[in-house]
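*Asks:* For reference, the chains in residue letters:
Number of protein chains: 2
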Amino acid sequence: MINKKYATVGVLGGLGPGATLDFFAKVLENTPAATDQDHVHLIIDNNPQVPDRNAAVAGTGPSPAPMLAEMAKRLENAGADFLVMPCNAAHAFEDAIAGAVSIPFVSIIKETRDEVMRSFPDIKCAGVLASSGCIDAELYKRAFVDKGVQIVVPTGADRDTFMQLLCKIKSGNQSGDIKRTMQVIAAGLIARGAEIIVAGCTEVPLVLDETDVARPLVNSTDVLVTRTIDYAQGGSSSA
Amino acid sequence: MINKKYATVGVLGGLGPGATLDFFAKVLENTPAATDQDHVHLIIDNNPQVPDRNAAVAGTGPSPAPMLAEMAKRLENAGADFLVMPCNAAHAFEDAIAGAVSIPFVSIIKETRDEVMRSFPDIKCAGVLASSGCIDAELYKRAFVDKGVQIVVPTGADRDTFMQLLCKIKSGNQSGDIKRTMQVIAAGLIARGAEIIVAGCTEVPLVLDETDVARPLVNSTDVLVTRTIDYAQGGSSSA
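Protein sequences appear in the order of chains A and B. Just so we're aligned: 191 in this note's numbering is position 191 of the first sequence, and the numbers increase by one with no gaps anywhere. Converting from the second sequence to this note's numbering requires adding 239 to each position, the first position being numbered 1.
If we strip away everything but chain A, and leave its shape as in the complex, we get (with noise of 0.2 Å):
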């Protein structure tokens, strides 16, 4: 529980370190400030040198989480109140985090299920642009498993073309052509019953808004964002 007003907030960051600055920069943004001294504190740990996630998750790369406890560690000796790490496929490893340290640790997938659920009260089946250390440790399946909401996820070939985009995004590469691909790949979901589309990556908006899916798009970054914001200046966290 964060009761604190004006709480710190430590980022796990650098996974990667674009989505970490579309992060900070929807944070600054979404926060009312008429001076400086009203923005959040935010201690950010941009380190692009955590382990590859989604090699880990599929067994072919090191485990990030010795490194991800170290930061959380870390930051919590910074001056952390609670902390947040805006890659969702980074959270197959949040046990490792929560156990490293004594503050809360407000995660992005269960955030965005209950904005999705706040939103779609409704809904039968959600459609997750995830990677595949995402997919494969089933978070957001885990994470709608009681609300009777059924995921679809990108599956053979779009899978791969889905991690390949990611490549791409991670090298600086925000073309159209890589937009593109990623509607082809979110209408393939659509086209497999998905009502929503869930941003359940945080390189996906980096290249892609909600005028570029035939359904309501909920981007996982302006969740956290928005959560972050609200837990860092007198909201209480359910983490």
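Just so you know, not all the hints are guaranteed correct.
Claimed, not checked - Ranges between beta-carbon positions, derived for each pair:
no.: 1; chain 1: B; residue 1: 414; chain 2: A; residue 2: 191; range: 40 to 46 Å
no.: 2; chain 1: A; residue 1: 32; chain 2: B; residue 2: 357; range: 39 to 45 Å
no.: 3; chain 1: B; residue 1: 465; chain 2: A; residue 2: 148; range: 50 to 56 Å
No lab work stands behind these hints: they were computed from the structure. Quantities reported herein were computed from a predicted structural model and do not represent experimental measurements. The beta-carbon is built from N, C-alpha and C at its ideal position, and this holds for glycine as well.
Following the hints, put chain B in place on chain A, whose structure we already have.
*Replies:* Positioned in the frame of chain A, the structure of chain B alone reads:
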């Protein structure tokens, strides 16, 4: 002396948050990176609660020195190998920061001075767009005192107008009107003999770029970005 390869950068930020975001965005943009792991490890303390630097120099507000020293110490404890601060005026309190830590503090003032002397070795007069605190603490004047370079800064009504522009920029207003007024102030410095204009305040590049002034523009944020990447990726600091 920084001689560790891939050093971690501690950023004293939030002074203001918009300038810190601009610094972060430019570090990412200017780092050659194909994957997340090629990026620089930055720990950014975006602390908007630091007391106003300009008021402190004027003697009308509390000193930010104790809080800056505390932030510096926490960044060192969190693993920073050297420190930077994307705010010129706050360098009036540089001694308190450097005195609190055993890692180097890379000064935006000294790095900008060095960049000016490298690019314009024969210069006799530089105009510096600087805030009242930066001017009254004579940060640029003292940095250039041994170089035979005269520093001209906004005075009288221009100085007051410049401070009003900063407040507007900090409140999120980056309109064309602000750019045009900033151009008029820069033109005043050129009329007084400035051969180049130094953006000696990290809010200035949020509204003004090199195409907006009639003399070469040296942007202190850009200089700090370049030197930060260089030092972080194995260069050595004179700090």
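*Asks:* Could you run down the list of hints and mark each one as holding or not?
*Replies:* Taking the hints in turn, this is what the structure says about them:
no.	hint	in the structure
1	414/B with 191/A: 40 to 46 Å	holds, 44 Å
2	32/A with 357/B: 39 to 45 Å	holds, 43 Å
3	465/B with 148/A: 50 to 56 Å	holds, 54 Å
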